[in-house]
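**Q** Listed here are the chains, written in short residue letters.
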Amino acid sequence: MVWTIELCIARQKAGSERHYQTYQIEIDPDEYVLDAVEKAWAFYDRSLTFRHACHHSTCGACGMLVNGVEKLTCITPIRSVVQDKGRLLIEPLRNFPILSDLVVDTSSMFNNLNKVSFNQVASLPAACLPYESEQPEHAHPEYERLVDCIECGMCISACPISLTSSDYIGPAVLAAAQHESIQSLSPRILEVVDNKNGVWRCHSAYECSAVCPSGVEPGWRIMKMRQAVIAHRIKSFFSSD
Amino acid sequence: MPTLPHAIIIGAGFTGCALAHDLALRGFQVSVLERGEIASGTSGRTHGLLHSGARYCVNDLEAAIECIEENKILRKIASQCIEYNGGLFIGLNDADLEYLPKFLAGAETCQISIEQISPEKALILEPNLNPALLAAVMVPDGVFDPLRLALAFAASAAENGVRFFPHHEVQEMVFDGGGNIGGVTALNKHTGNLYEFRGDITINATGAWAGILASLAGVDVPIIPTPGVMVAYDKRLVNRVINRLAEPGDGDILLPQRRMVVIGTTSFEVEDPDYIPLDKNQINQMYACACQLVPGIAYALQRGAYVSARPLIKTKMVGRSLSRTFKCYDHKESENIEGFVTITGGKATTCRIMAEKTADLVCSKL
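Those protein sequence lines, which keep their order, are chains A and V. Residue 68 in the working numbering sits at position 68 of the first sequence, and the numbers go up by one each step. Residue 114 in the working numbering sits at position 114 of the second sequence, and the numbers go up by one each step.
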């Protein structure tokens with residue numbers, strides 16, 4: 001089956017205004033949005049820039065706005081976002097500087113992730129959410145796996161607070177801090193999260209959890225992080241040293 | 001103090017990033033030009049298997065030994081992007097059982113530490129395996145995140161002064177008076193501006209695109225882009241890499257990654273690796289293969305499907321073979337063009353040794 005879609009892509013070279021360009025793309029609706037973008041680049045316009053790597057949701061490079069909503073385009077089937085002869089709007093993520101076209105500069109997020117020593121590999125139980133239904137019997141703690149956060153930046157793009165304040169450290173980093181502090185809340189992590197641009201800046205819109213393609217639940221983790229910070233303050237208050 | 005030699009690497013896949021890291025350690029100034037971003041070609045779309053070498057221990061001992069050695073090194077230097085839970089080779093029919101003794105002997109020859117376990121024990125370790133399995137062997141396989149493996153090399157390289165230029169597409173080779181290559185011109189796709197990069201050596205590390213890039217220099221590097229299809233499902237049904245205990249073939253590796261499992265792969269030839277359409281028949285073939293290894297795939301949903309173009313080297317090449325798993329062409333030897341080297345082939349697991357040997361060649365030329 002082949003559909004014809006109008007792929008409307010936001011274009012912007014460094015220093016110039018954004019405009020939109022439309023490409024007629026013939027594509028199998030079971031292929032993915034990223035395939036359509038790659039097709040536009042391969043057959044129509046080699047000046048188009050976009051980010052992509054793994055094409056199966058393990059790397060987090062290809063987050064874009066699809067019809068105004070954050071989507072990991074490599075796992076978003078064409079048929080889930082457009083109909084035959086329909087129009088599909090592709091724009092870069094919000095709340096990051098745009099380098100060109102669909103490429104945003106996520107380095108601020110990665111620098112902040114470094115501040116909380118975010119590790120991509122964890123033991124299998126630690127990689128899962130604590131409230132998930134019981135782990136299967138064979139999930140020995142010595143197994144390890146890559147954690148859920150793929151550092152795509154989509155939660156920051158969707159966050160209304162990140163939109164209003166570039167100082168806010170953002171859901172991805174706070175979720176990573178929570179993940180890293182399950183065992184112990186280090187002074188280093190406290191310094192990053194317990195301030196006006198950290199965990200207290202969140203207004204609980206939960207857009208982060210809604211758009212996360214990987215089940216990280218940043219909203220839940222931010223609330224959990226707040227509990228941990230309060231518990232830490234109370235403990236510090238009563239501890240004599 | 002003499003100025004440091006400047007190497008221009010074209011392509012920021014595994015090879016380009018690992019080579020940048022190696023050359024920087026040796027004191028080179030290095031610039032890496034990439035038309036997309038790091039790992040946006042074949043490398044990013046790789047299956048993600050950190051080979052134990054067991055897959056090759058019957059038919060290609062040299063590749064097997066290289067894999068197990070590099071497997072151990074990468075687990076040390078890049079553990080932050082590797083799920084290391086080991087792997088299993090499982091036999092499902094009589095032909096597989098016939099392969100078993102050859103497999104055990106090969107693994108011993110290559111010093112890959114393996115352990116044959118009973119099917120019952122295999123099912124305790126991995127309850128979702130096909131319960132009809134007849135034999136099982138544990139091997140030291142692992143799984144890596146492709147982008148992060150490339151980034152690990154790139155970050156170390158950048159720390160040592162390597163400059164990366166993503167979204168810079170090479171337009172032309174810059175020839176000096178004597179017909180030798182002294183650099184390239186590249187288009188910055190963020191700005192639309194054209195820049196000239198001058199270097200003492202230009203290294204073509206564009207993998208499946210190596211032939212296309214080399215043609216800019218008037219050089220023939222006959223690469224056949226040979227893609228394979230991989231399919232990801234949304235349930236992590238195993239924790240170990242599951243391999244079919246048989247000669248390497250299609251759809252015989254199922255690996256866990258994050259919350260998914262990924263089955264691969266196939267093999268076919270294309271002319272242009274820039275856009276390879278997904279073939280539904282191959283996706284269905286992968287599904288059937290995955291169900292043979294782990295029947296529970298039938299209850300999982302497809303999460304993604306993708307194609308990755310291996311750089312296969314046409315045989316009867318005159319190029320120098322630094323190893324059987326990859327090739328490095330010094331175009332001084334083949335076409336009398338100085339200052340230009342092509343490196344291609346190889347696999348992700350062996351990218352570090354590939355870079356090391358290429359850096360040796362580059363150093364011997366300067």
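Since the hints were derived computationally from the structure, they do not count as laboratory data. Take the hints with a grain of salt, since some may be wrong.
As the list claims (entries may be wrong) - Subject to a maximum C-alpha distance of 20 Å in a straight line, what follows is the list of computed EDC-like cross-link-like pairs (lysine to aspartate or glutamate):
1. V:365 x V:176
2. A:39 x V:272
3. A:39 x V:271
4. A:196 x A:167
5. V:365 x V:200
6. A:235 x A:194
7. V:102 x V:252
8. A:39 x V:279
9. V:76 x A:142
10. V:72 x A:142
11. A:39 x V:169
12. V:235 x A:132
13. V:76 x A:144
14. V:280 x A:142
15. A:115 x A:191
16. A:85 x A:31
17. V:72 x A:144
18. V:280 x A:31
19. V:347 x V:169
20. V:347 x V:250
21. V:280 x A:28
22. A:13 x V:169
23. V:121 x A:142
24. V:72 x V:60
25. A:115 x A:142
26. V:280 x A:26
27. V:347 x V:60
28. V:314 x V:252
29. V:235 x A:191
30. V:347 x V:269
31. V:314 x V:360
32. V:332 x V:360
33. V:235 x A:148
34. A:39 x V:274
35. V:357 x V:330
36. A:115 x V:269
Small disclaimer: the values here were computed from a predicted structure and weren't measured.
**Q** Take the hints in turn and mark each one as holding or not.
**A** Hint by hint, here is what the structure shows:
1. Taken as a hint, the residue 365 of chain V and residue 176 of chain V pair is honoured in the structure, with Cα atoms around 17 Å apart against an allowance of 20 Å.
2. Taking the CA atoms of residue 39 of chain A and residue 272 of chain V, the gap is about 13 Å. The hint holds against a cut of 20 Å.
3. Proposed proximity of residue 39 of chain A and residue 271 of chain V is supported: the alpha carbons are some 16 Å apart, at most 20 Å.
4. The straight-line distance between the Cα atoms of residue 196 of chain A and residue 167 of chain A is roughly 9 Å, inside the 20 Å bound, and the hint therefore holds.
5. Between residue 365 of chain V and residue 200 of chain V, the direct Cα distance comes to roughly 10 Å. Compliance with the 20 Å bound is thereby established for this hinted pair.
6. At roughly 15 Å between alpha-carbon atoms, residue 235 of chain A and residue 194 of chain A fall within 20 Å of each other, so this suggested pair holds.
7. Between residue 102 of chain V and residue 252 of chain V the CA atoms are separated by roughly 18 Å; this keeps the pair inside 20 Å, and the hint holds.
8. For the suggested pair residue 39 of chain A and residue 279 of chain V, the alpha carbons sit about 15 Å apart, so the restraint of at most 20 Å is met.
9. Taking the CA atoms of residue 76 of chain V and residue 142 of chain A, the gap is about 17 Å. The hint holds against a cut of 20 Å.
10. Between residue 72 of chain V and residue 142 of chain A the alpha-carbon distance is near 19 Å, which keeps this suggested pair within the 20 Å criterion.
11. Pair hint residue 39 of chain A plus residue 169 of chain V holds up; C-alpha atoms about 18 Å apart against a cutoff of 20 Å.
12. As the CA atoms of residue 235 of chain V and residue 132 of chain A are separated by approximately 14 Å, the hinted pair is consistent with the 20 Å bound.
13. At most 20 Å may separate the alpha-carbon atoms for a hinted pair to count; residue 76 of chain V and residue 144 of chain A meet this at roughly 15 Å.
14. Proximity of residue 280 of chain V to residue 142 of chain A is assessed by CA-CA distance (about 38 Å); at most 20 Å being required, the pair is judged violated.
15. At most 20 Å may separate the alpha-carbon atoms for a hinted pair to count; residue 115 of chain A and residue 191 of chain A meet this at roughly 10 Å.
16. Taking the CA atoms of residue 85 of chain A and residue 31 of chain A, the gap is about 15 Å. The hint holds against a cut of 20 Å.
17. Proximity of residue 72 of chain V to residue 144 of chain A is assessed by CA-CA distance (about 17 Å); at most 20 Å being required, the pair is judged to hold.
18. With a C-alpha separation of about 10 Å, the suggested pair residue 280 of chain V and residue 31 of chain A falls inside the 20 Å cut-off, and the hint holds.
19. Among the hinted pairs, residue 347 of chain V with residue 169 of chain V is inconsistent with the structure: their alpha-carbon atoms are about 24 Å apart, more than 20 Å.
20. The hinted pair formed by residue 347 of chain V and residue 250 of chain V meets the criterion: a straight-line CA distance of about 17 Å does not exceed 20 Å.
21. The straight-line distance between the Cα atoms of residue 280 of chain V and residue 28 of chain A is roughly 10 Å, inside the 20 Å bound, and the hint therefore holds.
22. Between residue 13 of chain A and residue 169 of chain V, the direct Cα distance comes to roughly 15 Å. Compliance with the 20 Å bound is thereby established for this hinted pair.
23. Restraint check for residue 121 of chain V and residue 142 of chain A: satisfied, since their Cα atoms lie roughly 17 Å apart, inside the 20 Å limit.
24. Taken as a hint, the residue 72 of chain V and residue 60 of chain V pair is honoured in the structure, with Cα atoms around 19 Å apart against an allowance of 20 Å.
25. Between the alpha carbons of residue 115 of chain A and residue 142 of chain A the distance comes to roughly 27 Å, so the proposed pair goes past 20 Å and is violated.
26. Our distance criterion of 20 Å between C-alpha atoms is met by residue 280 of chain V and residue 26 of chain A, whose separation comes to about 16 Å.
27. Among the hinted pairs, residue 347 of chain V with residue 60 of chain V is consistent with the structure: their alpha-carbon atoms are about 14 Å apart, no more than 20 Å.
28. Taking the CA atoms of residue 314 of chain V and residue 252 of chain V, the gap is near 25 Å; set against the 20 Å cutoff, the hint is violated.
29. At roughly 37 Å between alpha-carbon atoms, residue 235 of chain V and residue 191 of chain A are farther apart than 20 Å, so this suggested pair is violated.
30. A C-alpha spacing of about 17 Å is found between residue 347 of chain V and residue 269 of chain V, which places the hinted pair at or below 20 Å, so the restraint holds.
31. For a cut-off of 20 Å, the pair hint linking residue 314 of chain V to residue 360 of chain V is broken: about 24 Å separates their Cα positions.
32. The straight-line distance between the Cα atoms of residue 332 of chain V and residue 360 of chain V is roughly 16 Å, inside the 20 Å bound, and the hint therefore holds.
33. The hinted pair formed by residue 235 of chain V and residue 148 of chain A meets the criterion: a straight-line CA distance of about 13 Å does not exceed 20 Å.
34. Under the criterion of a C-alpha separation no larger than 20 Å, the hint pairing residue 39 of chain A with residue 274 of chain V is consistent with the structure, at around 9 Å.
35. Simply put, residue 357 of chain V and residue 330 of chain V have alpha-carbon atoms about 13 Å apart, close enough for the 20 Å limit, and the pair holds.
36. With a C-alpha separation of about 45 Å, the suggested pairing of residue 115 of chain A with residue 269 of chain V is violated against the 20 Å cut-off.
Hint compliance for this structure: hints 14, 19, 25, 28, 29, 31, 36 are not met, and every other hint is.
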